[in-house]
Structures are given as C-alpha cells and as structure tokens.
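In terms of UniProt numbering, the numbers along the sequence shown are unbroken and rise by one, the last being 243.
Just so you know, not all the hints are guaranteed correct.
As the list claims (entries may be wrong) - With a straight-line cut-off of 27 Å between C-alpha atoms, the simulated DSSO-like cross-links for lysine-lysine are: (1) LYS231 to LYS67; (2) LYS231 to LYS208; (3) LYS151 to LYS12; (4) LYS95 to LYS29; (5) LYS162 to LYS151; (6) LYS162 to LYS208; (7) LYS149 to LYS12; (8) LYS38 to LYS95; (9) LYS207 to LYS95; (10) LYS38 to LYS12; (11) LYS67 to LYS95; (12) LYS162 to LYS207; (13) LYS95 to LYS208; (14) LYS67 to LYS38; (15) LYS67 to LYS29; (16) LYS38 to LYS231; (17) LYS149 to LYS162; (18) LYS95 to LYS162.
Think of the hints as simulated: they come from the structure by calculation, not from any bench.
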Amino acid sequence: CSDPTDLVRQAKELPPMEGLDLAGSVTPKEPYVWDGTKPRTVTLADDGSYAWPGDGPRVVAFDCGIKWNILRLLVAQGIDLLVVPAFFTAEQVRKLNPEAIFLSSGPGDPAALTDMVHATSLLVHDYPTAGICLGHQLLGLALGGRTYKLKFGHHGLNHPVKELATGHIEISSQNHGFCVDLSSLSDVELTHVNLNDNTLEGFAHTKKPIIAIQYHPEAGPGPHDSRSFFKRFREMLRRELGR
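Could you build the full structure based on these sequences and the hints that come with them?
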C-alpha cells in the first residue's frame, strides 16, 4: 500500500506494545546449536541432559528472537554454545549442566515475559550471566528491578553511548522501546549511558558475574564499536571458570 492515509490508519490500529509477549512468537520449538552457517536442532537425552561436544565454557543461550550474528560472535570467542527456547524452565536449564547463561535480544514488553523472568531469577545467582537488549531488560527484572516504556524509543544505527569506566564513546545500533529503571535495583552499577537522553544502556552487578547492555553489539549492517562486549563476556567467564 502506498496511500499515506491508509498507512497511518493501519499503524493506529496496531495494539500498544505494553503487555505484549512477542518472544513466544519468534522463539524456536527445540534446542539447537550453531554449526557456523546455520542452526542445527539437537536432541536431548531422555533425562533432559546434553552431551556438550567441545571443551569451551558451556553456555546456554535463551533465544527470544536472537540474531545469527550473536551466535557467530559467541562461538568466535571459543564458547561451547547451546541455544534453548525462551520457554525453557530453570529446572530444564540446570539439567543441561551449563557453566553460564546468555539472554538474547528480542521483541515485545519484557514485563510480559513473566515465566522467563522467573526462570532467570532462579538461575542468575548461580551462573555467570550476560544479556543484550531484551535480555538486558529481563536481567533487570530478574534482579528485582522495574522496566518502563520510553517516551521516545531508540531506533537507528547512530546512538552515542558512553562507557563510564573508560570514558570511551561507542556509536551503537539500537532498537528498543523499554528501559530498565536503575533506581529500582540494588547491588548494581551503571556501566553505560545514552548521551542523547541519559538513559541506562548497560549495568553490571557489584557482587556477582552479571553484565548487560541495552543496545546491539552484534550489529551488521551497523557500527562495530561495541563488539568488545563479547570479549568482555568471555573474559568474565575466564575469571569465573578458570579457563
């Protein structure tokens, strides 16, 4: 349709984003691994366990709408990766015997993902954990915080983000309409801030190996300034696991 009036009408008829669990519509039905070019479904043992094929850190990634480039960049860090559906419970994840957890990006209102927030809250204190975008928001909720809808969502390839520890400025790719309320969290420090509106773009737990950023370090096309996040995750695993 090329009629602007009709396009506006269609946009107005769309439901508001608040309260929408959209991850459930994009998550896979079965666990899978990334073979370098495409996902490959795997079959778990009858007891729900998994025979990890490699000797890298064993990371379970929740797929809430994950991008292939995230998988490429995680595997490039030498991580032994298993991707599971967003609806996997904490008990199911524990049976896989992971050493760390990764929460992916994805669509929708994070507060609507109540089952996933619950599962994350049961896992996050026992495993080193990282999150991107929706995963960042889910971590905030799992740690007892709140999220809110931005008046103006962040969409585009040129959002400036400041890393507070170094003063380094990253030009980032962003596509989110919700934000974590840092004041609702305890034992968490701000690590990254958006220079356009001063909103939270990243945090780290002060006592546990938990890191998260709101934007897209895997962007492609887009800026590559933030790809160091994957190296940061790997270095955190090396400190925690000793390898």
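Evaluated hints:
no., hint, result
1, LYS231 to LYS67, "18 Å, holds"
2, LYS231 to LYS208, "18 Å, holds"
3, LYS151 to LYS12, "17 Å, holds"
4, LYS95 to LYS29, "18 Å, holds"
5, LYS162 to LYS151, "21 Å, holds"
6, LYS162 to LYS208, "23 Å, holds"
7, LYS149 to LYS12, "18 Å, holds"
8, LYS38 to LYS95, "25 Å, holds"
9, LYS207 to LYS95, "26 Å, holds"
10, LYS38 to LYS12, "37 Å, violated"
11, LYS67 to LYS95, "25 Å, holds"
12, LYS162 to LYS207, "23 Å, holds"
13, LYS95 to LYS208, "22 Å, holds"
14, LYS67 to LYS38, "11 Å, holds"
15, LYS67 to LYS29, "16 Å, holds"
16, LYS38 to LYS231, "22 Å, holds"
17, LYS149 to LYS162, "22 Å, holds"
18, LYS95 to LYS162, "39 Å, violated"
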